[in-house]
Amino acid sequence: MSERFGDGDDAVDSGDVTALLLEWSDGDRSALDRLMPLVYGELRRLAARSLRRERRAETLQPTALVHEAYLDLVDQNRVQWRNRQHFYAVAAQAIRRILVDHARARLAVKRGGGLAVAELEGDVEAPGGPAPIDVLALEAALERLAASDPEGARLIELRFYGGLSLEEISEVVGRSMASVKRDLRAARAFLHRELGILGPPP
Amino acid sequence: MSAPAGGGDWAVLRPLFVEALERDEPGRQALIAELAARDQGLAAQLAELLRADAAAESALDAGAAPLLAAVAAGAASGAWEGRDAALTGERLGPWRVGEPLGRGGMGVVFAAERDDGAFTQDVAIKVLRRTLDTPELQRRFRLERQLLARLDHPAIVKLIDGGVTADGLPWFALERVEGLPITDYARRHELPVGARVALLVEVCAAVESAHRRLVVHRDLKPSNVLITAEGHVKLLDFGIAKVLAEEGHEVSPEVSPEVSPEVPLEVSPHIAPEAAPATRVGGMLMTPQYAAPEQILGEPATTAVDVYALGAMLYELLTGSPPHPRRSTTPAGLAREVERETVVPPSHHPAVRGGQGGTSSAARTLRGDLDAVVSKALRAEPGLRYGSAAELGADLRRFLERRPVAARRGTFAYTASRFAARHRWALLGTAAGISLLAATVVVSAVRLRAERDLAQRRYDDVRALASRFLFDFHDAIRTLPGATGARTLVVRTATEYLEKLAADAGEDPGLAFELARAYVRLGNLQGGMFFTASIGDTAGALSSYRKGLGLIEPVCEQRPADLAGLRVRERLVRGVGRVLHKRGDHAQAAGSLLRGRALADELLVRAPTDPESWLDAVYVRLELGDLRQSEQRFADADGEYRDGLAIAERGARAAGGDRRVATAVSHAWSRLAWLAGSRERWPDAIAAAERYLESTRALSERSPGDAETLRDLGVAWRILAWANGNGGDASRALEASAEALAILEPLAASDSSNQQLLEDIASTYETRGGAHARGGNQGAARADFSTALHRFEALAAADPDNATYREAVEYQRGQLRGLSGAIR
Numbered sequence: 170m171s172e173r174f175g176d177g178d179d180a181v182d183s184g185d186v187t188a189l190l191l192e193w194s195d196g197d198r199s200a201l202d203r204l205m206p207l208v209y210g211e212l213r214r215l216a217a218r219s220l221r222r223e224r225r226a227e228t229l230q231p232t233a234l235v236h237e238a239y240l241d242l243v244d245q246n247r248v249q250w251r252n253r254q255h256f257y258a259v260a261a262q263a264i265r266r267i268l269v270d271h272a273r274a275r276l277a278v279k280r281g282g283g284l285a286v287a288e289l290e291g292d293v294e295a296p297g298g299p300a301p302i303d304v305l306a307l308e309a310a311l312e313r314l315a316a317s318d319p320e321g322a323r324l325i326e327l328r329f330y331g332g333l334s335l336e337e338i339s340e341v342v343g344r345s346m347a348s349v350k351r352d353l354r355a356a357r358a359f360l361h362r363e364l365g366i367l368g369p370p371p
Numbered sequence: 043m044s045a046p047a048g049g050g051d052w053a054v055l056r057p058l059f060v061e062a063l064e065r066d067e068p069g070r071q072a073l074i075a076e077l078a079a080r081d082q083g084l085a086a087q088l089a090e091l092l093r094a095d096a097a098a099e100s101a102l103d104a105g106a107a108p109l110l111a112a113v114a115a116g117a118a119s120g121a122w123e124g125r126d127a128a129l130t131g132e133r134l135g136p137w138r139v140g141e142p143l144g145r146g147g148m149g150v151v152f153a154a155e156r157d158d159g160a161f162t163q164d165v166a167i168k169v170l171r172r173t174l175d176t177p178e179l180q181r182r183f184r185l186e187r188q189l190l191a192r193l194d195h196p197a198i199v200k201l202i203d204g205g206v207t208a209d210g211l212p213w214f215a216l217e218r219v220e221g222l223p224i225t226d227y228a229r230r231h232e233l234p235v236g237a238r239v240a241l242l243v244e245v246c247a248a249v250e251s252a253h254r255r256l257v258v259h260r261d262l263k264p265s266n267v268l269i270t271a272e273g274h275v276k277l278l279d280f281g282i283a284k285v286l287a288e289e290g291h292e293v294s295p296e297v298s299p300e301v302s303p304e305v306p307l308e309v310s311p312h313i314a315p316e317a318a319p320a321t322r323v324g325g326m327l328m329t330p331q332y333a334a335p336e337q338i339l340g341e342p343a344t345t346a347v348d349v350y351a352l353g354a355m356l357y358e359l360l361t362g363s364p365p366h367p368r369r370s371t372t373p374a375g376l377a378r379e380v381e382r383e384t385v386v387p388p389s390h391h392p393a394v395r396g397g398q399g400g401t402s403s404a405a406r407t408l409r410g411d412l413d414a415v416v417s418k419a420l421r422a423e424p425g426l427r428y429g430s431a432a433e434l435g436a437d438l439r440r441f442l443e444r445r446p447v448a449a450r451r452g453t454f455a456y457t458a459s460r461f462a463a464r465h466r467w468a469l470l471g472t473a474a475g476i477s478l479l480a481a482t483v484v485v486s487a488v489r490l491r492a493e494r495d496l497a498q499r500r501y502d503d504v505r506a507l508a509s510r511f512l513f514d515f516h517d518a519i520r521t522l523p524g525a526t527g528a529r530t531l532v533v534r535t536a537t538e539y540l541e542k543l544a545a546d547a548g549e550d551p552g553l554a555f556e557l558a559r560a561y562v563r564l565g566n567l568q569g570g571m572f573f574t575a576s577i578g579d580t581a582g583a584l585s586s587y588r589k590g591l592g593l594i595e596p597v598c599e600q601r602p603a604d605l606a607g608l609r610v611r612e613r614l615v616r617g618v619g620r621v622l623h624k625r626g627d628h629a630q631a632a633g634s635l636l637r638g639r640a641l642a643d644e645l646l647v648r649a650p651t652d653p654e655s656w657l658d659a660v661y662v663r664l665e666l667g668d669l670r671q672s673e674q675r676f677a678d679a680d681g682e683y684r685d686g687l688a689i690a691e692r693g694a695r696a697a698g699g700d701r702r703v704a705t706a707v708s709h710a711w712s713r714l715a716w717l718a719g720s721r722e723r724w725p726d727a728i729a730a731a732e733r734y735l736e737s738t739r740a741l742s743e744r745s746p747g748d749a750e751t752l753r754d755l756g757v758a759w760r761i762l763a764w765a766n767g768n769g770g771d772a773s774r775a776l777e778a779s780a781e782a783l784a785i786l787e788p789l790a791a792s793d794s795s796n797q798q799l800l801e802d803i804a805s806t807y808e809t810r811g812g813a814h815a816r817g818g819n820q821g822a823a824r825a826d827f828s829t830a831l832h833r834f835e836a837l838a839a840a841d842p843d844n845a846t847y848r849e850a851v852e853y854q855r856g857q858l859r860g861l862s863g864a865i866r
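Line by line, the protein sequences give chains Z and U.
Quick note on the numbering used here: the first sequence kicks off at 170 and runs consecutively.
Quick note on the numbering used here: the second sequence kicks off at 43 and runs consecutively.
If we strip away everything but chain Z, and leave its shape as in the complex, we get (with noise of 0.2 Å):
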């Protein structure tokens, strides 16, 4: 006659994500390919139940987001501050492909026919914020800017995808703040300039 227990959260293994987070330091850049299903899954798994815990779909930090990712699934008595932000730096790349891949997957859907669509959810726009960004295009021209700039690319990446300060963002490609804060500036300034983002003229 058995019963149940109470609490029934699922946990994720940590050995993994700590193994090849290591290696990845340790220089191995397969590691990264390795990690990424991984990160981008859990990074998944833990949006939708924070949904289903807050019910607001207003904010959804990426910080507080990658916070849970890398605790569920590092095993932290094993790496050291530098891998954490490592780390860090993966999740952002996987929050992209995430965006990228949901808003590949609705134009898709937008421009096709025939086949009966379930519901689009609607946009979420914060009210009175500024005009939400068309990631599609954010995409093509963060490509763009790799082009010719790919340190500046990654910036990008890990300060809008990441959600990383300037401080754990200069940890993480190793470089004094005030580097890594012009850097950004000029990132910012051309995409800015790709999408259409001006200010007023002087």
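Worth flagging that the hints you see were computed from the coordinates, not collected in a lab.
Heads up, the beta-carbon is just placed ideally off N, CA and C, and yes, glycines get one too.
Worth double-checking, as some hints may not be accurate.
Beyond 12 Å from chain Z on every Cβ pair, some chain U residues (computed) [what the hints assert, rightly or not]:
1) 96
2) 450
3) 676
4) 677
5) 787
Here are some, though not all, of the chain Z residues that point toward chain U, as calculated from beta-carbon distances under 7 Å [stated by the list, open to error]:
6) 268
7) 302
8) 317
9) 329
10) 330
11) 332
12) 355
13) 358
14) 361
15) 362
16) 367
17) 368
So the derived label-pair ranges between C-beta atoms look like this [to be verified]:
18) U:604 / Z:350: 38 to 44 Å
19) U:66 / Z:312: 32 to 38 Å
20) Z:350 / U:599: 43 to 49 Å
21) U:157 / Z:346: 55 to 61 Å
22) Z:350 / U:82: 43 to 49 Å
23) Z:346 / U:256: 47 to 53 Å
24) U:596 / Z:312: 38 to 44 Å
25) Z:350 / U:601: 38 to 44 Å
26) U:65 / Z:312: 27 to 33 Å
27) Z:350 / U:588: 51 to 57 Å
Got chain Z sorted already, so can you dock chain U onto it with the hints?
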């Protein structure tokens, strides 16, 4: 807007921009003017860049948060990645896309026909859902496609063409096949065992052919093995097949795709399928029931995984369901399931054994050779399986020809071997390892304190600690022999750590909540369930539950709307009641359980769609009923159990067939049977026991091979035996006891420190002893009661606080005295 800055432009513009930033406004204008003298276009671009820089808080500055929310909304509503391409009517290469034929884990399949006027050809076009776009993956896929195109076997669906859609989604054109999945086909045509085995022999041949060309399927399952109307086998979906050759080695250039020259392959740099490792798609296996353990654990796949999948399909062809339910949806959960798996041989499978025990002819056919073949294909250790699909096919042919099968040679056990010991020992570690864990946890807590966002990290700390390091750790080692010392250490570590944190929880409701939750789990570990001996520390459990209550009650007062807090409180209160009952303090236990019931009912009203609410409402009543029985208040107990049953039945409908709620129904029946027996109303007891058995059997059919469900089934047989033994048919009682032991003993053999099972088995001997006694067979009765006595004595020694075991020991002694006048 002027043209976007190209690569070369940016290289020039960037340093100019940076310089401009360092100047004031007049300085910038001067710079622009200078530049204009040399290059008007560039100057205009620089001016624009500066305006872009000056733009106020934009969506780019806001970050991805609002976007994530929209995506998460889609994920939560299950619409994630459900946006399949709508391509009907479009053209892909030479093909005109028709209606969708179906949807799979990786994409949609459309009917399509050749449209370039060359000739008619019907194909199926599979469009994948995602683009994967790193150069490495593209390269690997090109390699794979070359090899896949060379697979040329009548039983393998041929890859004809491929490309990428306008939106960048990869597609494949495949030979179109109409047929049923092999298991459906077998069922529809009511094929006898021999015919099913013969089909699988053909499948083995096709798989072997692919293996010879170094292609592993890696996702074999019934829906990928179709049988046409003519009875031919067709294997599908080598779409995630992976080259067996080592990664990084180039396949020699002489290997070129032998594709029919009239059908040009569209080679595009963007083609890439799911080339992620194993079958992980975003970390989760799509169909774990046919996946080999090493796949689930993330190890590199070899041809052995296909052999395993063939074994799993064979198992399903013979019994109607795959060998293991593998319910978890996380990699870690699956890994844990895999490590505890045992295989119930097909001849022992409930679906095969038929209803009333005894051996059906189907069971006899399966017993022996086929059991051995299946067992050998399903070995957890890949090295112990058949070396190839061909070997498996050969043994199956031997079975069909009634020749001896190779699988029976040498020694083997009916239960598939557990996964390598190295995994278990890695988890268990040493006692030193565990103290180190405690130390690092404290250290990391200190380090974290130095960072910002302290509160958040504390919660995460507690959650991480509570759920992962301690409790999953505990679960992992719970049933290992010799783990008692480690388990105690785990509990002690948890207790100490929680107390450290509790000191700070006063001003922090979030932390208090997390701690209270952790105390629920700790208390459950310490005190166990009513009929279970766990670590068996009732005093410790009580203390934990009370500490939890001390933390959560203020939170509940401050936040009366917080359902999560209410649930934690309810579970703590029930825990207290349970443990008090176990200890014998009936009056106090009643108080707690009644309070618990009120809380559970409130939760049910406020969260009626959550299965947990239903479960809590049912189980608190079952626990109350148990208490009333102990108090000899039988009518009250009956009322509680019936209330619980009614709620469970309603809940099973409301919660959409949630398996746990269905289990709760069966538990309610078992309680009613037990109660009726206590009141000596044997016809009622037998009737309830039959309902209990029926509901448990339904559950075990839903998830065959699942140890927990099997155990429930074994217990249901025992209860039926007990009811019949006392008030009905002694021979039926003996039959039912035999059924119970036949299920429980193999389970205990492969899980030898699982005390719950040991207790169940001891009780079964006790029951059978009673049946023998009633049937007049004193000798057999004495033997069974002695067995039961020894086993209960061992259990009582391990858990001295447990009143149930003490009583059981006394009961056996009493029975033995009654039989012979002296205890042997």
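Structure-based check of all given hints:
Non-interface call for residue 96 of chain U relative to chain Z: violated, since the shortest CB-CB distance, roughly 3 Å, does not exceed 12 Å. Once the 12 Å rule is applied to beta carbons, residue 450 of chain U is consistent with being away from chain Z; the minimum gap is 36 Å. The Cβ of residue 676 of chain U sits about 18 Å from the closest Cβ of chain Z, beyond the 12 Å cut-off, so the non-interface label holds. Non-interface status of residue 677 of chain U relative to chain Z is upheld: no Cβ of that chain comes within 12 Å, the nearest being about 21 Å off.
A cut-off of 12 Å between C-beta atoms confirms that residue 787 of chain U is not in contact with chain Z; the least separation is 18 Å. Interface hint at residue 268 of chain Z: satisfied, since its Cβ lies 5 Å from the closest Cβ of chain U, which is below the 7 Å cut-off. For residue 302 of chain Z, the interface hint holds, since its Cβ comes within 7 Å of a Cβ in chain U; the closest pair sits about 4 Å apart. A least Cβ separation of about 4 Å between residue 317 of chain Z and chain U falls short of the 7 Å threshold, and the interface hint therefore holds.
Annotation: interface hint on residue 329 of chain Z holds; nearest CB of chain U at approximately 6 Å, less than 7 Å. With a least beta-carbon distance of about 5 Å to chain U, the hint placing residue 330 of chain Z at the interface is held under the 7 Å criterion. The criterion of a C-beta within 7 Å of any C-beta in chain U is met by residue 332 of chain Z, whose closest approach is roughly 5 Å, and the hint holds. Taking 7 Å as the C-beta cut-off, the interface hint given for residue 355 of chain Z holds, the closest approach to chain U being about 6 Å.
Taking 7 Å as the C-beta contact cut-off toward chain U, the hint placing residue 358 of chain Z at the interface holds, the least distance being around 4 Å. With a least beta-carbon distance of about 4 Å to chain U, the hint placing residue 361 of chain Z at the interface is held under the 7 Å criterion. The criterion of a C-beta within 7 Å of any C-beta in chain U is met by residue 362 of chain Z, whose closest approach is roughly 4 Å, and the hint holds. The interface hint given for residue 367 of chain Z holds, since its Cβ lies 4 Å from the closest Cβ of chain U, which is under the 7 Å cut-off.
The criterion of a C-beta within 7 Å of any C-beta in chain U is met by residue 368 of chain Z, whose closest approach is roughly 3 Å, and the hint holds. Distance hint check: the CB atoms of residue 604 of chain U and residue 350 of chain Z are about 42 Å apart, consistent with the given range 38 to 44 Å. For residue 66 of chain U and residue 312 of chain Z, the Cβ-Cβ distance of about 34 Å falls inside the hinted range of 32 to 38 Å, so the restraint holds. Here the CB-CB span from residue 350 of chain Z to residue 599 of chain U is close to 48 Å, well matched to the stated 43 to 49 Å.
For the hinted restraint 55 to 61 Å between residue 157 of chain U and residue 346 of chain Z, the CB-CB distance of approximately 59 Å keeps it satisfied. Checked against the given bound of 43 to 49 Å, the beta carbons of residue 350 of chain Z and residue 82 of chain U, roughly 31 Å apart, lie outside it. Evaluation of the 47 to 53 Å hint for residue 346 of chain Z and residue 256 of chain U yields a pass: the beta carbon distance comes to about 51 Å. A hinted range of 38 to 44 Å is violated for the C-beta pair residue 596 of chain U and residue 312 of chain Z, which are about 54 Å apart.
The hinted range of 38 to 44 Å is satisfied by residue 350 of chain Z and residue 601 of chain U, whose Cβ atoms lie roughly 42 Å apart. The beta-carbon spacing between residue 65 of chain U and residue 312 of chain Z, approximately 31 Å, falls within the hinted interval of 27 to 33 Å. Checked against the given bound of 51 to 57 Å, the beta carbons of residue 350 of chain Z and residue 588 of chain U, roughly 54 Å apart, stay inside it.
Comparing the model with each earlier hint shows violations of hints 1, 22 and 24; every other hint is respected.
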